[in-house]
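Those letters in the sequence shown? Residues 38 to 358, per the numbering used here, in order.
No lab work stands behind these hints: they were computed from the structure.
Here the structure is a predicted model, which is why all the values come from computation and not from measurement.
Note that the Cβ used here is the ideal one computed from N, Cα and C, for glycine as well.
No false leads were mixed into what you were given.
Derived Cβ-Cβ restraints for the label pairs, each shown as a range:
| hint | residue 1 | residue 2 | range |
| --- | --- | --- | --- |
| 1 | Arg-283 | Arg-170 | 22 to 30 Å |
| 2 | Ser-313 | Asn-156 | 42 to 50 Å |
| 3 | Arg-229 | Arg-86 | 27 to 35 Å |
Dumping the calculated DMTMM-like pairs for lysine to aspartate or glutamate here, alpha-carbon to alpha-carbon at most 25 Å:
| hint | residue 1 | residue 2 |
| --- | --- | --- |
| 4 | Lys-119 | Asp-179 |
| 5 | Lys-263 | Glu-310 |
| 6 | Lys-81 | Glu-94 |
| 7 | Lys-287 | Glu-166 |
| 8 | Lys-287 | Asp-266 |
| 9 | Lys-287 | Asp-247 |
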Amino acid sequence: MSSLSVAVVATPGVSPFHFSIPFLIFGQAVPGDGMFDVRVCAEKPGVVRSDMGFFIEVEHSFELLRSADIIVIPYWSHPEEKPGPEFLAEITSAWQRGAEIVGLCLGAYVLAYAGLLDNRRAATHWEFEQDFRQRFPRVHLDNNSLYTTDERLVTSAGTAAGIDCCLNIVREHCGSSIANHAARRMVVPPYREGGQAQFIEHPVPTNTRDEKINELLDYLRRNLEKPHDIDALAGFTNMSRRTFTRHFLKATGITVGEWLNAQRLQRSQELLETTSASIESVAEMAGFQSPVSFRQSFKARFNVSPSEWRRAFRGPETLAR
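Between the sequences and the hints, there should be enough to build the whole structure, so can you do that?
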């Protein structure tokens, strides 16, 4: 198999970690020589400063993009700024001639600004989900996947998801055996379950401008393990059922059931990470009606099981000394 040329784009303020990922995977972790030919380019050859103050010596200009098989944009430091017209024209032309264009983390913004992601799936860091959706309403943003591929347009979620993304590119071009070997050399899993959803923070309203609702939220947080019905909660606030549901929605932005489910899931996360309680006990302490309903709600929200969450976020038991 002839080697695939990979052009990694260096832009001012690039993250050293993101920038290193394609070099580690395509340039070092893949076994054998000649599978990938990795080079770096910038708008103008010379020195490019990273966001950590490191300097990158760049030999090639954007002319490198005109012959590359794979173009990797590892980061974009200013999501609110549209890249220059030359940069956008080069990657658009490269995609049109058949190149694979990869935007790691916020590098997805560059592909979106070029219009390449219109009516296509894409991923980016979950913290920028709202901003990305507002700027690019025609892009089908997947806020769960660690990476997406849509007609040679590849995007990844934040930071370490770039590793998953590049390993998948190796898998598609060279097969699972070589991708797995590369993952072993880097001491990372060849494939991660669960997607980005397990890392997204889901803040639950704790205080509002409505004092009666605030008193109720404090009460509910102290009594999550108990069953609650709308009539009883309306009585707690001295409101009718209809008035209470309207006030609660206005104060928190969500319904009582949604608030309780989110708060109970948050409590279950804490219990899974900090205790050795069984899944059944966690479900009971968090206020779920049954272990089955707990597992279903947890899987629906985070795309992993409670047991998988515990393994991922608690880690191995500390050895007794």
